[in-house]
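Now for the letters of each chain:
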Amino acid sequence: MASVTENELKSMTQEERVKALGMTSEQLTGRSMFMEFDPGETERFEYPWAPKVDFNKRTELDSENMTSTEVNNEIRKLMNEGYGTIVLKNPRGKHSLAVGILSKLNLIIEGSTGYFGVGLIDGPNVRINGRVGWSCGENMMSGTVLIEKNAGSTFGAAIRGGDLVCKGSVGSRTGIDMKGGTIIVGGDTGALSGFMMQRGRMIVCGNAGKNLGDSMYDGTIYVGGSIKSCGVDAVEAELTQVDKDWLKRKLNLYGLLPTKGVDHFTKVVAGKMLWNYDNLEPTEKKLIL
Amino acid sequence: MAGTQYRGSELKNVDQFLDDADGLDSEREKEIGQHIGYRYDVNLVPDYKRLTPFLKKYMEIMGWDDLNWLEDIHMGYEEAKPAVFDRNINGWVRVPDSIDLPDNQQDRDMIARELLLKFQMSDRHPLVALRKAYMKF
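These protein sequence lines are chains Y and R, in that order. The opening position of the first sequence corresponds to residue 1 in this note's numbering, with each subsequent residue numbered one higher. The opening position of the second sequence corresponds to residue 290 in this note's numbering, with each subsequent residue numbered one higher.
In case anyone wonders, no lab produced these hints; they're calculated from the structure. The model shown is predicted, which means the values in this text are computed figures rather than measured ones. Any given hint might turn out to be false.
What the hints assert, rightly or not - List of simulated lysine-lysine pairs, DSSO-like, C-alpha gap at most 30 Å:
| no. | chain 1 | residue 1 | chain 2 | residue 2 |
| --- | --- | --- | --- | --- |
| 1 | Y | 167 | R | 346 |
| 2 | Y | 57 | R | 421 |
| 3 | R | 345 | Y | 167 |
| 4 | R | 425 | Y | 89 |
| 5 | R | 346 | Y | 244 |
| 6 | Y | 272 | R | 319 |
| 7 | Y | 52 | Y | 10 |
| 8 | R | 421 | Y | 77 |
| 9 | Y | 248 | R | 346 |
| 10 | R | 338 | Y | 77 |
| 11 | R | 425 | Y | 57 |
| 12 | Y | 57 | R | 346 |
| 13 | R | 338 | Y | 260 |
| 14 | R | 338 | Y | 267 |
| 15 | Y | 272 | Y | 248 |
| 16 | Y | 52 | R | 346 |
| 17 | R | 338 | Y | 244 |
| 18 | Y | 52 | R | 421 |
Please construct the entire structure, taking both the sequences and the accompanying hints into account.
Right, here's the structure in full:
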C-alpha cells in the first residue's frame with residue numbers, strides 16, 4: 001500500500017493499520033470447508049488429469065546428455081504415451097530429477113541422483129540403485145521411494161505421506177518438519193533428525209545422532225541402535241505391541257527387518273511441553289494435518 | 290487398543306465427539322475453551338482385516354502393499370459432525386448424514402479413506418479448478 005505514508009500509519013489504530021495494509025483482522029476459526037462428500041461419487045482411483053499408464057508397458061530413458069528439465073519433461077511425455085515403467089539410465093547425479101510426478105508410475109533410476117531428487121511426488125513407486133543428495137523425497141505426498149545406498153541431509157524434509165526408504169545411512173536433519181508418512185533408514189541417521197516433526201513415523205535401524213526429535217510436536221521415532229542424545233521435548237516412550245507389530249510389517253516390506261526382531265527398538269515421542277500455542281491452537285494444528 | 294486412545298485423554302465411547310459438540314475434555318481444551326479436532330490418535334495402526342473392496346482395489350492399482358499415505362487418514366469430528374481432513378484443500382470435508390457410521394473407529398477410518406479418495410479423484414474437487422487456473426506444467 002504505497003499510498004499510505006509512515007506517518008499516517010503511526011496515527012492509525014491497529015485495526016485501521018491492518019486494513020490499510022491490505023490485511024484482515026478476522027480471526028481464523030479453523031472451521032470446516034462446509035463441503036460434503038457425495039456418497040454417489042464415481043469410483044475413480046487416479047486424479048482426473050493423471051495419464052493412463054500401464055505398469056506392463058516399459059521403456060528406457062538414457063539421460064547421459066540431457067539436462068534435468070529435459071529428463072523430467074521426457075518422463076512426462078512417456079507417461080502420456082502410456083508407459084508405466086520407466087528405467088532411467090545414467091542419471092549422473094543430476095539435481096531435481098523425477099520431481100512433481102502426480103500419478104502412479106514405476107520408476108527405476110539406475111545410478112545416483114543429486115539434490116532434491118523425487119521431490120513433490122504423489123503416487124509413483126521409485127527405486128534408486130545408487131545414492132541420493134540432499135532433500136531426497138522432499139514434500140512427498142504419497143508413493144514409495146526405495147534407495148539402495150546412502151542419502152544426504154534433510155532426507156524426506158516436510159514429507160506428508162508415503163514410504164521413503166534408504167537402505168544405507170543418511171545425513172543430518174532427516175525428516176525435518178515431516179507432517180506424515182513413514183521414513184525408514186536401514187543404517188544410521190545424523191544430528192537433529194526429526195527436528196520439528198509434526199506427524200508421521202520414522203524408523204532408524206542403526207544409530208541416531210545428537211538432538212534426535214528436537215522440538216518435535218508429534219509423530220513417533222523408532223531407533224534400533226543407540227541415540228547420542230534426544231533434543232528439546234523429545235522423550236522416550238513405551239514400545240507397545242501395536243508398535244512392534246507395525247514395525248515388523250513395515251520393515252518386512254523393504255527387507256529391513258533385523259534378524260533379532262524389533263524388541264530392542266527405542267520409541268521416541270514428543271513430551272508436549274512445546275504445545276503452548278495461544279487460543280488459535282486448533283487452527284494452527286489443522287494447518288499441518 | 291487401537292481406536293480408543295486419544296491425545297491427552299481416553300476415548301469414552303466412539304460417539305463421544307458426536308454427542309458432545311464442545312468436546313472440552315483435556316485440560317488444554319478446557320483452558321482454551323475449544324475442542325481440538327485433530328486430537329484423535331494419528332498414529333493409529335489400520336486394521337487391514339477391515340479394508341473395503343474399494344481400498345483393496347486402490348492398493349492394487351497403485352502397486353502398494355499397504356495403504357501408504359492413507360494410513361494417516363482418520364475420521365475426525367467437527368462441531369459434532371463426522372468429517373475428514375483433506376490435505377489438498379487444507380480443510381475438513383463433512384460426512385453426509387445419509388452415511389451410517391459403524392460402531393468402531395477402525396471401520397470409520399476405512400470409510401473416511403474411501404470417501405476422501407473418491408472426493409480427491411472427482412471432477413468437483415477444488416484442486417481441479419485451481420489446476421485449470423494456475424497449472425504451470
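Cross-check of the supplied hints:
no., hint, result
1, Y/167 x R/346, "holds (29 Å)"
2, Y/57 x R/421, "holds (29 Å)"
3, R/345 x Y/167, "holds (28 Å)"
4, R/425 x Y/89, "holds (27 Å)"
5, R/346 x Y/244, "holds (27 Å)"
6, Y/272 x R/319, "holds (17 Å)"
7, Y/52 x Y/10, "violated (59 Å)"
8, R/421 x Y/77, "holds (19 Å)"
9, Y/248 x R/346, "holds (24 Å)"
10, R/338 x Y/77, "violated (39 Å)"
11, R/425 x Y/57, "holds (27 Å)"
12, Y/57 x R/346, "holds (20 Å)"
13, R/338 x Y/260, "holds (27 Å)"
14, R/338 x Y/267, "holds (26 Å)"
15, Y/272 x Y/248, "holds (27 Å)"
16, Y/52 x R/346, "holds (16 Å)"
17, R/338 x Y/244, "holds (18 Å)"
18, Y/52 x R/421, "holds (19 Å)"
Figure legend: structure checked against the earlier numbered hints; hints not met, in rising order: 7, 10.
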